[in-house]
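Chain by chain, the residues:
2 protein chains.
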Amino acid sequence: MPLNEFDIINQYFNRAIAPESAVIKGIGDDGAIVSPTVGKQLVMSVDTMVAGCHFPENTSPFNIGSRALCTSLSDLAAMGAKPLWFTLGLTLPESYNEWLEQFSAGLFSIADRYHCELIGGDITRGPLTITIQVHGEVFPDTILRRDGAVAGDQVFVTGPLGDGAAALAALQNEISISLEDHHYLSKRFYSPEPQIIAGQTIAALAHSAIDISDGLLADAAHIAKASGVAIVLHIDRIPTAKALKNVDRERRLRWLLTGGDDYQLLFTVAAKRVGELADLISQKHIHAYCIGEVRADNSGQYHVRCFDQGQRYHIGKCHESGYQHFTT
Amino acid sequence: MPLNEFDIINQYFNRAIAPESAVIKGIGDDGAIVSPTVGKQLVMSVDTMVAGCHFPENTSPFNIGSRALCTSLSDLAAMGAKPLWFTLGLTLPESYNEWLEQFSAGLFSIADRYHCELIGGDITRGPLTITIQVHGEVFPDTILRRDGAVAGDQVFVTGPLGDGAAALAALQNEISISLEDHHYLSKRFYSPEPQIIAGQTIAALAHSAIDISDGLLADAAHIAKASGVAIVLHIDRIPTAKALKNVDRERRLRWLLTGGDDYQLLFTVAAKRVGELADLISQKHIHAYCIGEVRADNSGQYHVRCFDQGQRYHIGKCHESGYQHFTT
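Just so you know, the sequences run in chain order A and B.
Read in this note's numbering, the first sequence has 146 at position 146, and its numbers run on one by one without any break.
Read in this note's numbering, the second sequence has 144 at position 144, and its numbers run on one by one without any break.
So here's chain A without its partners, still in its complex pose (with noise of 0.2 Å):
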């Protein structure tokens, strides 16, 4: 028998709020209320994931809950936030047990994993639609922003890239590849790890940073215009995965130029003070990688340029931007 929105709730999604926590009154009234820490600013981002545009029809429930949960903390992350809340607004075409009890493992699994509770949300009947909501905090002082790069910064990623649009390829059986790869890549798609403990760590130090969602290119360019600067990419600095070796160079490229949904943080750091980064990257094991720099920008075109083994790499017209919905 299908369950009414009272019952799905209470049985798949109302939880204890942890003692600790700043939530004064989670799921159960017209709204929930917390309790901001004092001298701490909040961060929201909101994300919609539409079954057949953001994941495929079939992908299993579970990974529909944790691939939503993550691609949201990956904002908090770009922004250096420490995760505390999310709320779900859920669309179903139907309510089968199954499917809920499934789901919602997968999101609590990302949730427990990265101290963020389900405080509210709305549950209602159509196709499939998941809208998540994140909130963290952050000192006002150390947030990081995409307007705040510099000339003579160097520009940095957190780990390999064209994982997002390699897994799509492997998920569609559009390329070739063994077991042992096709694991890691269904792994970096359905629960791609939000850099969260890299986006704190840098947060005093970097100028800017964003999460890269609609590929590098286009990401950089945010950085730039948002920030009013040029900036140069070395793409043969890049680092890409073990299983994107065997990918012929040009398709590698235009994936890790332009594929997105890779959630590593791309950011800036002022040049004399990347061997405090160096210090930072290894006390707190994380990633980085200098893939390039920033630059004045004389045009106002805020230029995103690529260079490959020191000359211009130029990008076709269909390498340009990155995936945007809407676009023909």
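In short, the hints are calculated from the structure, not lab data.
Do not take every clue at face value.
One-sided and incomplete, this derived list gives chain B residues near chain A with beta-carbon spacing under 8 Å [what the hints assert, rightly or not]:
(1) Leu76
(2) Arg125
(3) Leu171
Below, simulated DSS-like cross-link-like pairs (lysine-lysine); rule was C-alpha separation at most 27 Å, straight line [claimed, not checked]:
(4) Lys82(A) / Lys40(B)
(5) Lys40(B) / Lys40(A)
(6) Lys82(B) / Lys40(A)
Where is the CB? At the ideal position from N, CA and C, for every residue including glycine.
Based on these hints, arrange chain B on the given structure of chain A.
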């Protein structure tokens, strides 16, 4: 030509943030940044509306926008909160300029009226779905919750009930009414007035409150259960609009008891403080009608019982609960 996500945001949704607001950064980064007021708590509520389920498919985009924000703000009203910010998750089949222009006009007509700023969102492609999360603030000691009703309280509503269900019947041409009544009901359906002023006015006085979205009986039962009390309602005292006077009594009673979508507040006040409530009503130009009382619950059933002209009114099976998604 269809617009891409960034064009849509900039053209229709990105507006200047009021200089005196607590919004540090609205649209344009990985997340919005806000600075909560010291000493206050935050209230958050999220609601999803699906085309064909929560509004007729042919609803005008202006009305979709206004209704979505009004119904969300109603949850803040029910907690006694002052609206601050909202986010928007918009899933659209196509990005027609005209649709977006009208939708955003409807949305901002309500946002401006209640001084609630759009600070972020996500635009995706898929079946038309709107998820809005509203944020408000309250003083911790005056927040309205469902679980505070106590035996001896009087039960009030802020205005006429049954309008939501009558409007739906009128919009679907199930009832024949005058043009004037049609206009009234249409306005109540597409821009139901969130009882923001009433909520804040009664916050220091009321023991409990909820907004009537599921239907009077269902929402009264939510208070009864959360507070561990029984509630008695005198249905002959429930205010109803003139537009419903010619509808047969049986149908009208069904609408006002179980129709939902009225977005009036249901709240309880200690009998000895009803005089203070009367003073507030006249000072603040709000409305409130006494329709029942709270009693001790000895059965553990948290009953909601109805009386009509002093006689017990037995509610038929089909009237017992409000509208619930997924219920067969």
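Against the structure, the hints:
For Leu76(B), the interface hint holds, since its Cβ comes within 8 Å of a Cβ in chain A; the closest pair sits about 7 Å apart. For Arg125(B), the interface hint holds, the least distance from its beta-carbon to any beta-carbon of chain A being 4 Å, beneath 8 Å. Evaluation of the Leu171(B) hint against chain A yields a violated restraint, the C-beta minimum of about 19 Å exceeding 8 Å. With a C-alpha separation of about 21 Å, the suggested pair Lys82(A) and Lys40(B) falls inside the 27 Å cut-off, and the hint holds.
Proposed proximity of Lys40(B) and Lys40(A) is supported: the alpha carbons are some 14 Å apart, at most 27 Å. Between the alpha carbons of Lys82(B) and Lys40(A) the distance comes to roughly 21 Å, so the proposed pair stays at or under 27 Å and holds.
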